[in-house]
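Assemble chain Y onto chain X, guided by the hints.
Protein chains: 2
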Amino acid sequence: MNGAENLLETLTAAGLEVCFANPGTSEMHLVSAIGNSERMRPVLCLFEGVASGAADGYARMLDKPALTLLHLGSGFANSMANQHNAKRAHVPLVNMVGDHATYHLKYDAPLTSDVAGHARLVSDFVSVSDSADDLARAGAEAVQAAGRGAGRVATFIAPANHAWEPASKTFPALEPQGLDAVGEEALEAVAGSLGNGKNTALFLGGRALREDALDAAGRIAAATGARLMCEVFPARMQRGVGRVAPQRLPYFAEGALETLASVEQLILVGAAAPVAFFAYPGKPGWLAPEHCEILTLATVDEDAASALAAVADRVAAGAKAAVVPAAPELPAPTGPLTPVAIGQSVIRSMPDEAIVVDEAATCGLGIFPVTGQARRHDWLTLTGGAIGYGLPVALGAAIACPDRKVLALQADGSAMYTLQALWSLAREQADVTVVIMNNRSYAILNIELARVGAGQPTPRTLSMLDLSRPDLDFVALAQGMGVAATRATCAEEFDAQLAEAMATPGPRLIEAMVVQQMP
Amino acid sequence: MNGAENLLETLTAAGLEVCFANPGTSEMHLVSAIGNSERMRPVLCLFEGVASGAADGYARMLDKPALTLLHLGSGFANSMANQHNAKRAHVPLVNMVGDHATYHLKYDAPLTSDVAGHARLVSDFVSVSDSADDLARAGAEAVQAAGRGAGRVATFIAPANHAWEPASKTFPALEPQGLDAVGEEALEAVAGSLGNGKNTALFLGGRALREDALDAAGRIAAATGARLMCEVFPARMQRGVGRVAPQRLPYFAEGALETLASVEQLILVGAAAPVAFFAYPGKPGWLAPEHCEILTLATVDEDAASALAAVADRVAAGAKAAVVPAAPELPAPTGPLTPVAIGQSVIRSMPDEAIVVDEAATCGLGIFPVTGQARRHDWLTLTGGAIGYGLPVALGAAIACPDRKVLALQADGSAMYTLQALWSLAREQADVTVVIMNNRSYAILNIELARVGAGQPTPRTLSMLDLSRPDLDFVALAQGMGVAATRATCAEEFDAQLAEAMATPGPRLIEAMVVQQMP
Numbered sequence: 001m002n003g004a005e006n007l008l009e010t011l012t013a014a015g016l017e018v019c020f021a022n023p024g025t026s027e028m029h030l031v032s033a034i035g036n037s038e039r040m041r042p043v044l045c046l047f048e049g050v051a052s053g054a055a056d057g058y059a060r061m062l063d064k065p066a067l068t069l070l071h072l073g074s075g076f077a078n079s080m081a082n083q084h085n086a087k088r089a090h091v092p093l094v095n096m097v098g099d100h101a102t103y104h105l106k107y108d109a110p111l112t113s114d115v116a117g118h119a120r121l122v123s124d125f126v127s128v129s130d131s132a133d134d135l136a137r138a139g140a141e142a143v144q145a146a147g148r149g150a151g152r153v154a155t156f157i158a159p160a161n162h163a164w165e166p167a168s169k170t171f172p173a174l175e176p177q178g179l180d181a182v183g184e185e186a187l188e189a190v191a192g193s194l195g196n197g198k199n200t201a202l203f204l205g206g207r208a209l210r211e212d213a214l215d216a217a218g219r220i221a222a223a224t225g226a227r228l229m230c231e232v233f234p235a236r237m238q239r240g241v242g243r244v245a246p247q248r249l250p251y252f253a254e255g256a257l258e259t260l261a262s263v264e265q266l267i268l269v270g271a272a273a274p275v276a277f278f279a280y281p282g283k284p285g286w287l288a289p290e291h292c293e294i295l296t297l298a299t300v301d302e303d304a305a306s307a308l309a310a311v312a313d314r315v316a317a318g319a320k321a322a323v324v325p326a327a328p329e330l331p332a333p334t335g336p337l338t339p340v341a342i343g344q345s346v347i348r349s350m351p352d353e354a355i356v357v358d359e360a361a362t363c364g365l366g367i368f369p370v371t372g373q374a375r376r377h378d379w380l381t382l383t384g385g386a387i388g389y390g391l392p393v394a395l396g397a398a399i400a401c402p403d404r405k406v407l408a409l410q411a412d413g414s415a416m417y418t419l420q421a422l423w424s425l426a427r428e429q430a431d432v433t434v435v436i437m438n439n440r441s442y443a444i445l446n447i448e449l450a451r452v453g454a455g456q457p458t459p460r461t462l463s464m465l466d467l468s469r470p471d472l473d474f475v476a477l478a479q480g481m482g483v484a485a486t487r488a489t490c491a492e493e494f495d496a497q498l499a500e501a502m503a504t505p506g507p508r509l510i511e512a513m514v515v516q517q518m519p
Numbered sequence: 001m002n003g004a005e006n007l008l009e010t011l012t013a014a015g016l017e018v019c020f021a022n023p024g025t026s027e028m029h030l031v032s033a034i035g036n037s038e039r040m041r042p043v044l045c046l047f048e049g050v051a052s053g054a055a056d057g058y059a060r061m062l063d064k065p066a067l068t069l070l071h072l073g074s075g076f077a078n079s080m081a082n083q084h085n086a087k088r089a090h091v092p093l094v095n096m097v098g099d100h101a102t103y104h105l106k107y108d109a110p111l112t113s114d115v116a117g118h119a120r121l122v123s124d125f126v127s128v129s130d131s132a133d134d135l136a137r138a139g140a141e142a143v144q145a146a147g148r149g150a151g152r153v154a155t156f157i158a159p160a161n162h163a164w165e166p167a168s169k170t171f172p173a174l175e176p177q178g179l180d181a182v183g184e185e186a187l188e189a190v191a192g193s194l195g196n197g198k199n200t201a202l203f204l205g206g207r208a209l210r211e212d213a214l215d216a217a218g219r220i221a222a223a224t225g226a227r228l229m230c231e232v233f234p235a236r237m238q239r240g241v242g243r244v245a246p247q248r249l250p251y252f253a254e255g256a257l258e259t260l261a262s263v264e265q266l267i268l269v270g271a272a273a274p275v276a277f278f279a280y281p282g283k284p285g286w287l288a289p290e291h292c293e294i295l296t297l298a299t300v301d302e303d304a305a306s307a308l309a310a311v312a313d314r315v316a317a318g319a320k321a322a323v324v325p326a327a328p329e330l331p332a333p334t335g336p337l338t339p340v341a342i343g344q345s346v347i348r349s350m351p352d353e354a355i356v357v358d359e360a361a362t363c364g365l366g367i368f369p370v371t372g373q374a375r376r377h378d379w380l381t382l383t384g385g386a387i388g389y390g391l392p393v394a395l396g397a398a399i400a401c402p403d404r405k406v407l408a409l410q411a412d413g414s415a416m417y418t419l420q421a422l423w424s425l426a427r428e429q430a431d432v433t434v435v436i437m438n439n440r441s442y443a444i445l446n447i448e449l450a451r452v453g454a455g456q457p458t459p460r461t462l463s464m465l466d467l468s469r470p471d472l473d474f475v476a477l478a479q480g481m482g483v484a485a486t487r488a489t490c491a492e493e494f495d496a497q498l499a500e501a502m503a504t505p506g507p508r509l510i511e512a513m514v515v516q517q518m519p
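Heads up: the protein sequence lines correspond to chains X and Y, in order.
Numbers 1 to 519, taken from this note's numbering, label the letters of the first sequence in order.
Numbers 1 to 519, taken from this note's numbering, label the letters of the second sequence in order.
If you are wondering where the hints come from, they were derived from the structure by calculation, not from laboratory data.
Any given hint could be a false lead.
The list treats identical chains as interchangeable, and a pair is accepted whether it falls inside one copy or across any two copies.
[Claimed, not checked] Capping the alpha-carbon separation at 20 Å, the derived lysine to aspartate or glutamate pairs in EDC-like fashion look like this: (1) K106 x E38; (2) K283 x E353; (3) K283 x D108; (4) K283 x E165; (5) K169 x D180.
The structure displayed is predicted, hence computed values, not measured ones.
Looking at chain X on its own, in the form it has when it is part of the complex:
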């Protein structure tokens, strides 16, 4: 048995089952060990950012890590934008990164790089083996570290010779620590504050956006009059008919300030205090009102669901949460293909327990409010702001939940960052419908250009924000990667195409020629 095979024993014993892989020469023994293991499913990705994003999507849906397999520092670099998003989503993720054989590093061969330095930028934990026998230890500790709290990005580095040299010392899987319990003091403080007559909002994020936690929050709201709000970009929010629906904080700071203006007491549950995504000249970055008191019921790493239930038991005995009522039967939308029309079609045809991956940028901000009355679903968003997360996360979510339909709502500009995910969707026959919102521009940047007060744009300025000349043809791009695709130019076409895609398993892409509306 070599180090790689020994490692695979440990990783699979620790419960890892899927590896999103983009290997190179220095990982060949790891590839071989995965190929020989019956408990590890390899999913080849054509770009490392697909692998890391897919691992993020997988973890969001299962609360357990997938493995990635990456090639040296440069391969890791390609994965980093989606590692950043995974870190901000607080999911468990385990990266396995190859490196040159230890004795080869001194030659400074062309691909030599500071692999650990790359890893540390986006990982909470980094380990390196110091022998073939030690490789399983490095892997086991990374898996354990990934399971700290709600989840961590953990990376271990496998020098090529530690993978190929003989290993005899097995290493057991290590128990991860998982979510921390919320202490009695915090429960007491929050329960007490809920009766003090102040204008109060619960600000929900992380695991507090799962059905059980939302129900407890809904009971608290019903009994105390507290408002329910949630973070702008949740990792995973359960919503739809029959569920409690907190108000999502607006993305643009002006709207967020207005939403929060009357709040005197903000109780954080699995979320950080709200701040502006970007700074703008002369505008505040801290969004809560100046004299608003901020309490924390649960951090993102604490068990928010149990904490909310405990508080509900104290302050909301017998109360019943208000939930989203079933939608009236909607007629098929007609006319221009707007975000509202798209949302209506989603309500009409999206099946129960679907997973929506939203990277639709400006369009997504328009679709979200319209789809509150859709059937029960999970809504995933761009937690870290590094674009190119949507298609990879949809791949990972589909691998994690093969019995659920995945709907990826995807802006055109950001789709182009990790479009290679389409190929893996086709290869894995993942049950994902991708809707590309083609408005032929970085619409969000055109809005931001005006908002930051950068002056009158010249044609040269606008050329840096515009995706026309030439127009991207996403139907051709999808077909080029083996995904069946159609184009919808009006609401009627879109409604029919979405209905068909929702009723048919397997990968599918709809290019929606949207009429842009300001969110």
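The following block gives chain Y in isolation, referenced to the frame of chain X:
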């Protein structure tokens, strides 16, 4: 005038003319300043790795830096693989990276990252402004640092508020240091060693592979019997009819060892001593024979051309270099589409002074030796081993040299890393012909799997190295990004399509369904 506008004055005064841009919200004032400058041409790229690779290609052809514009740490991360290649190519490159407003960092907003930490991993120089007035200083110092020696990757970070706040203090362009002169001692030592009767090879790299330097090396070889070799992956090598042709060291270590076996004295000229690209179990990483003496005439940062000329004056007065003779007229190749057939078509139709960007991996190793008798051209290779360099470098080379035809020889697997470059080729109407070598696998990895002795592969193992299921359709992918494309399935079709592409300006893609041969 704001900080961004003030900065642009300095950057353009320093000679920067082209900006490969992929901006976000925090760069809007930089975008606006570029849009307002008549001396800076913006080229929008749909992915950051395209921007950094294009800047590399631009610099290889002009020996001067282009500017990139990137968005925070995650945007920089996406550019890093090609930054690594640029660093290994020893080219000048200036990165301008936005960051949050300084006072916004404390909020740890979603996109907050250690921008300088990212930059340091691949940059030789990193500066950050400390005020709007100071931003031009940070930029000027980065441009100066990029011009150190043969070239450096230099990065400066522009916090958003330093771009938008008023600035009044202009900052002059700073003179870069450029190539160092080789000292008399090294010239004397090398000139002396050339007469000592030892089996000698000049090992050429960097600027020593330009026409003048090659001619001097050729004269030395003619007079002294020294062999001429060159590094495996040169940044830019001038070759073709009428030029001196050193022997390129084989990629696989076995071949390199054999090539170097009889050398007793290796004289480095703009190249580092040869080492294996990867380690393999039980094989050496150092490629020169054990007792081979290694001398350095010029480091990569020294003026190799002048040094070679000075040595030639001492040891080769009156000698004439052997150059590549004109090719006999070749008939059109027929039959299966092999790398040799592709090379023959290149000889037949590639115009004088073309630029070849080789990321054809296994196929490229086959095409290179066949094309030695092509018309004069520059051959660019993957210096750092981080795949996804070819299409971006072709874009940058075409922007740098609008009067020259660019031929990008591109493997299928690595094309998929930065395929977004096709869109910029179309937008800029760049005179680039892309040939995709479609063999439906990571062929190099199948070879490496056997070479590293990783055991008998299972179907699962091979699934991680194979690009079929589904087949990629590069004609559709190109059309999806606005590039006209055709497919060639035999040598006759390829020859006709290449001839047409070579004779027609503008972007074009040929998907070559190659029959794989082991190199």
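Hints breached by this structure: Violated hints (numbers, rising): 1, 2, 5; every other hint is consistent with the structure.
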